[in-house]
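Asks: Those sequence lines, one after another, are chains A and B.
Here the numbering used here is used: position 381 in the first sequence is 381, and no number is missing along the way.
Basically the numbering used here = 1-based index in the second sequence + 479.
It is worth saying that the hints were derived from the structure and are not from the lab.
Since the model is a prediction, treat every value here as computed from it, not as a measurement.
Ideal Cβ positions, reconstructed from N, Cα and C, are used throughout, including at glycine.
Where hints are given, some of them may not hold.
Claimed, not checked - Quick list of simulated restraints, FRET-style, between CB atoms:
1. A210/A - Y544/B: 35 to 41 Å
2. L186/A - A555/B: 37 to 43 Å
3. L653/B - G412/A: 44 to 50 Å
4. K732/B - G412/A: 29 to 35 Å
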Amino acid sequence: MSSSQATPTSGLDAPLYEARKKVQPAAVQGRLRSIKWIVLVVTLGVYYLLPFVRWDRGPHEPSQAVLVELAKSRFYFFFIELWPQDIYVFAGLLILAAFTLFLMNAVAGRVWCGYLCPQTVWTDLFLAVERLIEGDRRDRIKLDAAPWSAEKVVRRATKHVLWLAIAWWTGGAWVLYFADAPTLILDLATFQAPLAAYASIGVLTFTTYALAGWMREQVCTFMCPWPRIQGALTDKHSLAVTYRYDRGEPRGSAKKNSALRAAGELAGDCVDCNQCVVVCPTGVDIREGLQLGCIQCGLCIDACDNVMSKLRRPTALIGYDTDENCQRRSEGLAPQYRIVRARTILYGLLVLGVGLGILAALSMRSFTGLSALHDRNPLHVQLSDGSIRNGYTLRILNKRSYARRFRISVEGLSGARLEIVGVTDGDAIPVESDDTKELRALLFSPRGARPEKSQPILFRIVDVASGESASAHDFFRAP
Amino acid sequence: MLDAAKPVARIDEATGRHTTGHEWDGIEELNNPLPRWWLYILYATIVWSIGYWIVYPAWPLVSDYTRGVFGFSQRAAIIEEMQTVRSQRDAQAQGLAKASLEEVRNNPDMLKLALAIGKAAFGDNCASCHGAGATGQIGYPNLQDDDWLWGGTLADIERTIRYGVRSSHSETRLSEMPAFGGRDGLLKRTEIETVANYVLSLSGKAFDPKLDLADGAKIYAQSCASCHGEKAKGNREVGAPDLTDAIWLYGSKPEQVIATIVGGRKSVMPAWEERLDATTIRSLALYIHSLGGGK
Ligand code: SF4
Ligand code: SF4
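Isolated chain A, as found in the complex (with noise of 0.2 Å):
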């Protein structure tokens, strides 16, 4: 890491805590930056709109694209319409996220970290507006520095309402995942909303300010478990952002260098300007490998690339490589680049299989369910006609979007008569939309039919409409 490495004249008098040392990284414009800003636009565009878009599903649900109903235990996702019992698709999805993050770490290191993490994206945003409200890095270390005054009070002030209302308003997103977005809005701005609603948006909003504000790279150094894992999912052949040792040093002044590679002597590429470092939103220096702190965002890289330019030296004198390919080159081989290994392609495989995997069981799900729980005491009962009567509570899931209409009929029990409480002989049960009705049915064997003691039978319920159907195997009890 970047921290001081003044030689301290006793190691015991050295403070085992120590104050922040305030990161304050300065602009840099470049390739990977406008990357950098595509993926803030199009993720944190996602997150804040997502919300509002509509997606018809009929008169009983909200019209959601993207809903998470905890009252119905539904998870609503455009044509998707997910219930508990599809828990393994959330499965599917974990495992799904986690092997695509065990790729990105493969082929290219801790790319997730420096792109698409959260805290970088919101951090992001956060030094954007700071640079807006207080200028570049060093007019923010001159307002560090200066009396409290008039201006230095405005702008500490504006900066942080900014950051409040975006954290604040980030809040806000997440909880209209949850509830009718428009309708939330209004019950939120007239305090109608539940108390969790306002709760949430409450610990939310001091989250986001506090992370994104104030902890910053903190929470990547101290708080994060995954640059410690990460080591473990990379090899030799992953690309990280590289300094090319073998091209930058030995460093020294521009001048200093040219007049050295004048007189034919080894001179590196490296200047010593010390931007790859001020642009660092960790604070890394690059240039003494890598490390933990670095999250691979790459600006040291765009740095780095308009000092180059502007000396008219080749650029990509730091770029995503590997120690290895600086040492193969530093001993006149070729580098090497491995995108395509065992690791590679083993992670590739999985993502794509667990991918196909949940696709096969999102298209092949039933859209019709039938459960069957016989009756645990008493397992059968005999009636004054000489018949048994065996009883069952029956649940019918509907996952379409519109209400239904099923038969339920009984097979494997001869002589069967099925009554089910509250419905007339062979009417059609009506279902709602996204509902399950629970009904209680009652078999009867009649006398003298001499059932099994324990005899497998089956229930079976059609869409009147679709002819669609569904069965649930239980058993018929007699004495």
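Once you've looked at the hints, dock chain B with the ligands against the given chain A.
Replies: Leaving out everything else, chain B with the ligands in the frame of chain A:
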């Protein structure tokens, strides 16, 4: 291990950083100072815990414990919560007490509440005789089936629960089956066997072909028909069971039927009006009616 009295810190060559002076088997600890806010969070949690000791019960004493400034106790909190629940339930149960049984049955919300109350009350009060599944046992009617000595409508069931059978209540129901054998001596042993054989044949049970059914019918008409009816279909006014159906409260083996005729049967059901409130009794009636045999 540290053997020197004072650990010696030095600069680590590879990193250029100073060590803490701690060394284990040649491995030295670098001094990477923790951020100070980290330490402050530790202090903050310590302060928090002190506040916690003051506010909540915390320290065990010899025979007591520190009670905290507000005297909070989990037991008191639970009691309070239970009271809230009870008063809420009372409010709901008010509706149950006012509506007619039929109204409750046709109102899904009220019915749900009634069935919940009824189920719990059944487990507490009725299951010991009628069984957890309400299927009864010899001498204790099966409440799941469709055979009712005193009628199976909601009102009939409610009445039976309120007043009981042969109970201490003035409105109690009584069925008076004489002891045809011993005490009352109305029939001879062979007559009893003959008539027992006859009624068993009525319900399609196995009977002894050596005994004359016509004789049995004659004895039945003289001694039994007044209560059980000409056709032996029973009489709910007096709690006389149907003798033609498949259900035999005291058993359908010939010796069980003979014993019934010889000694009569005098089982008792308490009058629950004396022990349960009206809402609970109504809920019980609705619950029992819902078991599958209600008329
Ligand atoms: S060293 Fe470079 S890639 Fe790493 S965090 Fe700093 S700027 Fe980003
Ligand atoms: S920006 Fe490039 S030239 Fe400047 S110090 Fe960093 S590596 Fe060297």
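Asks: In ascending order, which of the hints set out earlier in this document are inconsistent with the structure?
Replies: Nothing - there is no hint that the structure violates, so all of them hold.
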